[in-house]
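Trainee: Spelled out from the first residue to the last, the chains are:
Protein chains: 2
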Amino acid sequence: MALIVQKFGGTSVASVERIQAVAKKIKSFKDDGNQVVVSVSAMSGETNRLTALAQEIQKNPSSREMDMLLTTGEQVTISLLSMALHEIGCDAISYTGSQVSITTDSVHGKARIKSIDSSVIVESLEQDKVVVIAGFQGADEEGHITTLGRGGSDTTAVALSAALEADECQIYTDVDGVYTADPRIEPRARRIQSISYEEMLEMASLGSKVLQIRSVEFASKYNVSLRVLSSMVENPIGTLITSEDKIMEEAVISGIAHNKDEAKVSLIGVPDIPGVAYKILKPISKKNIEVDMIVQSVSAREGLTNFAFTVHRSDFKKSISILEKVREDLGAISVQSDDSIVKVSLVGIGMRSHAGIATKMFEVLHKNDINIQMISTSEIKISVAIDEQFLELAVQSLHAAFELEKE
Amino acid sequence: MALIVQKFGGTSVASVERIQAVAKKIKSFKDDGNQVVVSVSAMSGETNRLTALAQEIQKNPSSREMDMLLTTGEQVTISLLSMALHEIGCDAISYTGSQVSITTDSVHGKARIKSIDSSVIVESLEQDKVVVIAGFQGADEEGHITTLGRGGSDTTAVALSAALEADECQIYTDVDGVYTADPRIEPRARRIQSISYEEMLEMASLGSKVLQIRSVEFASKYNVSLRVLSSMVENPIGTLITSEDKIMEEAVISGIAHNKDEAKVSLIGVPDIPGVAYKILKPISKKNIEVDMIVQSVSAREGLTNFAFTVHRSDFKKSISILEKVREDLGAISVQSDDSIVKVSLVGIGMRSHAGIATKMFEVLHKNDINIQMISTSEIKISVAIDEQFLELAVQSLHAAFELEKE
Chain Z
11 MALIVQKFGG
21 TSVASVERIQ
31 AVAKKIKSFK
41 DDGNQVVVSV
51 SAMSGETNRL
61 TALAQEIQKN
71 PSSREMDMLL
81 TTGEQVTISL
91 LSMALHEIGC
101 DAISYTGSQV
111 SITTDSVHGK
121 ARIKSIDSSV
131 IVESLEQDKV
141 VVIAGFQGAD
151 EEGHITTLGR
161 GGSDTTAVAL
171 SAALEADECQ
181 IYTDVDGVYT
191 ADPRIEPRAR
201 RIQSISYEEM
211 LEMASLGSKV
221 LQIRSVEFAS
231 KYNVSLRVLS
241 SMVENPIGTL
251 ITSEDKIMEE
261 AVISGIAHNK
271 DEAKVSLIGV
281 PDIPGVAYKI
291 LKPISKKNIE
301 VDMIVQSVSA
311 REGLTNFAFT
321 VHRSDFKKSI
331 SILEKVREDL
341 GAISVQSDDS
351 IVKVSLVGIG
361 MRSHAGIATK
371 MFEVLHKNDI
381 NIQMISTSEI
391 KISVAIDEQF
401 LELAVQSLHA
411 AFELEKE
Chain W
11 MALIVQKFGG
21 TSVASVERIQ
31 AVAKKIKSFK
41 DDGNQVVVSV
51 SAMSGETNRL
61 TALAQEIQKN
71 PSSREMDMLL
81 TTGEQVTISL
91 LSMALHEIGC
101 DAISYTGSQV
111 SITTDSVHGK
121 ARIKSIDSSV
131 IVESLEQDKV
141 VVIAGFQGAD
151 EEGHITTLGR
161 GGSDTTAVAL
171 SAALEADECQ
181 IYTDVDGVYT
191 ADPRIEPRAR
201 RIQSISYEEM
211 LEMASLGSKV
221 LQIRSVEFAS
231 KYNVSLRVLS
241 SMVENPIGTL
251 ITSEDKIMEE
261 AVISGIAHNK
271 DEAKVSLIGV
281 PDIPGVAYKI
291 LKPISKKNIE
301 VDMIVQSVSA
311 REGLTNFAFT
321 VHRSDFKKSI
331 SILEKVREDL
341 GAISVQSDDS
351 IVKVSLVGIG
361 MRSHAGIATK
371 MFEVLHKNDI
381 NIQMISTSEI
391 KISVAIDEQF
401 LELAVQSLHA
411 AFELEKE
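Protein sequence lines, in the order shown, are assigned to chains Z and W.
Numbering-wise (the working numbering), the first sequence opens with residue 11 and increments by one.
Numbering-wise (the working numbering), the second sequence opens with residue 11 and increments by one.
Looking at chain Z on its own, in the form it has when it is part of the complex (with noise of 0.2 Å):
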């Protein structure tokens, strides 16, 4: 017998009809013998419904008001699964984040958790019943109700595992788990079937929007075991994101991951003197434009230097502005801006032992013409940045010579 706890997404819980199928599924895993908590998200739509009828009245709602509003759609959620399950001849019982002690704090809108009582859920399922609660929600210390804001209901499945020392926590989503490349772009790719915490939180910051980092970093913290399986599929066996000792044999290379919504700005001929980088990129952070990668390089003129930076391309027009008055004040020669490359990224942990990785990779790329702009590393990951077009023909070219649609 083993405890598990399975998060249900919007998309999941969207109709009557797919609430009477998870409450199947849910069934099933009890029959097996198992112990099963499960969280849920509001019906796919309830959010905005919701929210557009909070606009028709105020612009900018209190954010506690609208926590108030919001949590109502999970609450119906748990109540009609609980239903659909009692209908199926199985015991359950519903909860709001609430009821079973989801203590937060107070930031409205993205609170935090601090503690979970699972006093309530294990007297329940020792009454041998499917405890069904509302995810996304909780309530700070004076009982003012809380939302977690997003990827709210992975966090609260990973903190119930967590509470309740789970064996697994199945995250229900649309996907089928997590693949060695974007299948959109290198159809070869194949589903992982394990992969450790920092891998996947570095698929995650790099665009593999299969789970919230948040979620990610809390099942790391607290060693919960995190299944990610697809809904629409009968007994799917996803991907497994738990620690590196529990990964029996390790990929050298897990995955390549890639991130479209960069864009490179650079500053050309600076004088190459000390606290150079600092007096570039304090005007930006002062801004809040988050830099990903950054290479300082040698110029072609003597005592310069040449300078640049990755950001999101939403900050693309801001940063290029705040470069020219940081050009003026330097004396650079000029700023120069790219918004259509690539980040494509290589993820694994055995790049810890294996050397020559990086060689493998920059050879790769070479043989098929692709020019590297930059080049960033970090323990486990290798990415560079490259112009856009040759994004699909870098990634295949390299899932090809790390054989990664082999298991």
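If you are wondering where the hints come from, they were derived from the structure by calculation, not from laboratory data.
On a predicted model such as this, the values are computed, not experimentally measured, just so you know.
There's no promise every hint is true.
The list makes no distinction among identical chains, and a pair is therefore deemed to hold if it is satisfied within one copy or across any two copies.
Stated by the list, open to error - Cut-off 35 Å, straight-line C-alpha distance, at most; resulting in silico cross-link-like pairs (DSBU-like, lysine-lysine): (1) 120 <-> 34; (2) 335 <-> 292; (3) 120 <-> 139; (4) 37 <-> 296.
Starting from the known structure of chain Z, arrange chain W on it as the hints suggest.
Mentor: Quick look at chain W alone, frame taken from chain Z:
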């Protein structure tokens, strides 16, 4: 400065526009220097929408899960109403039933309030906020969410008034008060300024469906002054329902109520022996049929008696078939039945001290050639059953004879 509790039903908050109108009304009381606590129902239509969803899943859903589902209705309203108050510059805060510790028993779907801890409300009032509370709902001692059943939002408002020792509990509805008679039958009917709890209970039980009987009983028990008024007009006055001693000038007769929901069944020629009434009514009450008026009269034949009573029309056929069986057992002559009767009642606390009211009533009916089929009296009410064709004539002639159109 007064402390006012206001209750707005589903029709009053049926749309964003109506919620905004309600917010204005609340603000005007607040601006007059009052403290205001508001209890609201779900937007009309919402309860039906949610019930239909549940019905798609289960014919007879668990009442606990139904309560979980339906209580989201008021939660939506309280948040939207708070936003509407914020938008017009009126500070407000919303609370669910559980958040203000409206503690009930555990009878889901028709729970009764056991206690209210007013401390959270008082604290918010002291912060100069309008306090908006979800009606119709509470939680039992284990924290399970309950609903109070029909008329529940009225009950919430009255219970809040009692707990807070409010100066007045205003129930906004789609009628502008309690009338001396049904205005559809007697166009000269006049709105009553104030009426005692006992009179209101008699009026309500006789079909004047302005307030649920339970809320009036509750108000009476805790001595809460209730005011029924229209949410559709500006500055409504309505009718005050309060204790007898607070009513200044007492009318002998407060109003005329009528009830078209009853039917008469009679057993003719029953041997006049002890225990006959018991033997006739026992099988009726065993089937949970409620009996209203009862008349036992001497039969034309010696040693025999006639026994008649009224039941709700929905129990009419069932009652006849039970009586047929009783007729056989008791050796009575026949069963007679009549579902074309109406009950017309004079209600007034003043009756206690004024003799001759009944005589005058019977005289008026006699002068109009209206045959009285049954009579029943209480301390503050005289009811007669008459043929339904005489309803208008009876109400209008009595209204005129007792000069009810005059203040």
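Trainee: Now tell me, hint by hint, if it's right for this structure.
Mentor: So, going through the hints one by one against the coordinates:
In the homo-oligomer, the alpha carbons of residue 120 and residue 34 lie at most 35 Å apart both inside one protomer (32 Å) and across protomers (31 Å), since each shortest distance falls under that limit. For a Cα distance limit of 35 Å, the shortest separation of residue 335 from residue 292 inside one copy, 12 Å, qualifies, whereas the shortest one across copies, 97 Å, does not. Taking the shortest alpha-carbon separations for residue 120 and residue 139, both the intra-copy value of 31 Å and the inter-copy value of 25 Å come in at or below 35 Å. Proximity of residue 37 to residue 296 under the C-alpha cut-off of 35 Å is found in neither arrangement, the shortest distances being 52 Å within a copy and 43 Å between copies.
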